[in-house]
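As given, the protein sequences belong to chains E and L, one line each in that order. The numbers in the working numbering rise by one with no breaks, and the one at position 299 of the first sequence is 299. To convert a position in the second sequence, counted from 1, into the working numbering, add 1000.
Everything labelled a hint here was simulated from the structure, so no lab data went into it. Mixed in with the good hints there might be a few duds.
Here's a subset of chain E near chain L, in silico, CB distances under 8 Å, partners left out [to be verified]:
#1 Leu33
#2 Arg36
#3 Ile148
#4 Leu155
#5 Phe257
#6 Leu258
#7 Leu273
#8 Tyr277
#9 Glu281
#10 Leu295
The beta carbon of each residue, even a glycine, is placed where N, CA and C say it ideally should be.
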Amino acid sequence: MTETSPAPVSNIAALPLDQLDAPPLTLGRLAWLRFRRHKMALAGMALLGLLILYCVGGGFVFSEKYANYNDTSLALQPPSAAHWFGTDTIGRDILARTIYGGQISLLIGLTAVILEVSAGIVVGALAGYFGGWVDNLLMRFTEAILIIPQIFLLLVMAKFFAGDIPDINFLGREFSGSVIVIVVIIGLTSWPYLARIVRAEFLSLKESEFILAARATGTSTPEIIFLHILPNCIAPIVVSATLGVANAITLEAYISFLGLGVRPPTATWGNMLEGAYNYIESAYWMWLFPGLLILFIVLAINFVGDGLRDALDPRSRAV
Amino acid sequence: MARYILRRILQGIPLIFIVSLVLFVLMQNMGDPLATMGGRSVTRKEDRERLARQMGLDQPVIVQYLFWLAGNDWSKVDFDGDGLAESYGTRRGVLRGDFGYSLVARQPAMEVIASRIPNTLILMLTSEFIVIVGALLIGVYSALKQYSLLDNLVTTFSFVGYSMPIFFLALSLMYIFAVNFKRWGLPYLPTVGMYDPRVGSTPGQVLLHMILPVAAIAVNSFSAYSRYIRSTMLEALNQDYVRTARSKGLPRREIIFIHALKNASLPIVTIVGLDLPFLLGGALVTERIFAWPGMGRLFIDHVSRGDTPVVMGILMLIAVSVVFFQILTDIVYAWLDPRIRYD
């Protein structure tokens, strides 16, 4: 026998990738296919798009000066052709203020979540990867923060940082310095939940064989943590970050509603509601419109987050 | 088990100390306690210095913390404010149950707090009870009739209720059931306070004033429970022992309520147990809107006036009960579920 028998040929394996009838789906594509089935998530996405358009596009219709302009002779006007959403106690146009307030609320939601996610990943990754006393120390610290209800902690911290913070100029606009305070304190009190999720993922992933292989080939520890383990636990992080935006917007609204949040003239959906309950009988438009917008954005983000959870992380069903 | 409990308690104690220290440091910038005490009259500079010395506010934070914790009757303090520490203090410290005097109310902080606890518990326990019973009914029904019309309706409704910021919910309820019902000449619900001062604090009045705040809290926290019960119930119904029970010919009712629900409710015990201590803190926003004289409102009022003894008292009360209930929940869970053994 001089000739070796030909290797068994499989039709599928022999085909180059681009000749396959159905090329293998990427993770993103798979996630999108699953996400698409979630009708409420798609509706949430559309609603979110509309709200962002409202806040950003509205900025071209009204100027910020107009939103902060007050004419006390026009105070507490009901909705009319001139002021679609009516005017507030000192005669500012509520429609224009919801547009600029929405921008700030969204900005606070996004930046607070960036802070939350960074802190959560660092703490969770260190605790989960190194274990031992590092884990012990970081988790006790996490527990300590979780002992006090977040809203109580936020009020104490808002009061603590409520000194004279100068207004800041960002992207050519003036912001009340209290915006930064709110972002920082929401970020600082929200990360423990995320840190626990990341830690749990790290605990199970660090035992897997590809990490053993990475270690055996001499990969450095930061590289293992950030390039090998972290990308594998991106799904729960994305989901809780999405839901975190809604949470941060609500929390901002709570603190501002209680009068310790973002200070006027900078509008947010939360501080537009401050004191509005005194006008519950006489001026429903003062709380109805900002309140509805908060409800819509939180609802939209929660639906998207719910869809993302089903799409990215089918193992962890919504509870 | 006893060793496990002991270890948990030993872990919990340093946690509470750390929390108290961090909070105490945060309190240092809460506002000017001397201005709070002075009320509307402006305090003179000399008076301020004397007061600060008398109250020990000129001491370093760590000393103030120590005095707060362990009292100052073992140390010489400056009682008359002349700059010389000459007599022993009178504070007995938190460890011996003395939370100091409220700067606003001028009475022991614990008395101020204790007077609010019943009000908060009436409100919060009622809502919690309604939420649990409602969520059990709805959750079990949704699990049995998965994807039915009512299941979908309830899921959507509870999702909206959960996403709704509680102040918006509260204001809407107020607007519909108090303002508009009054306008339309229907029997309307009261909006603020615990009772009508003209009638007095009768059970009927309190009940009437509770309807709106309880509804707001219940709608808001309903979905977390009902979704949880739905999923644990679904899981239980798919277990082998449920199939066995079915093939044995047990009545359906017995399978659902005795076999499935009993096991499905185990994780719920944990959720409820961990939530209970937070009820003590009351509902900040709800109590504020409905002017309910509970802990949440007490907290907001005293935070904004920088009344450290009361604020610290409330926070420590919550912290201790959270740790206590965490341990208690673990014990109850181990007792209910024989598969779990802590050793």
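Results of checking the hints against the structure:
1. For the restraint placing Leu33/E at the interface with chain L, the shortest Cβ-Cβ distance is roughly 21 Å, beyond the 8 Å limit, so the hint is violated.
2. The beta carbon of Arg36/E is not positioned within 8 Å of any beta carbon in chain L (closest approach about 19 Å), and the interface hint is therefore violated.
3. Contact between Ile148/E and chain L, as hinted, is supported at the beta carbon level, the nearest pair being about 6 Å apart and thus within 8 Å.
4. The closest approach between the C-beta of Leu155/E and any C-beta of chain L is roughly 5 Å, which is under the 8 Å cut-off, so the hint is satisfied.
5. Among the interface hints, the one on Phe257/E holds; its C-beta lies about 5 Å from the nearest C-beta in chain L, closer than the 8 Å criterion.
6. Against a cut-off of 8 Å between C-beta atoms, the interface hint on Leu258/E holds, since the closest Cβ of chain L lies about 6 Å away.
7. Annotation: Leu273/E was flagged as interfacial toward chain L, and the flag holds, the nearest CB pair being 6 Å apart, inside 8 Å.
8. Because the closest C-beta pair between Tyr277/E and chain L is about 6 Å apart, less than 8 Å, the hint holds.
9. With a cut of 8 Å, the hint placing Glu281/E at the interface with chain L holds, because the nearest CB-to-CB distance is about 5 Å.
10. Annotation: interface hint on Leu295/E holds; nearest CB of chain L at approximately 5 Å, less than 8 Å.
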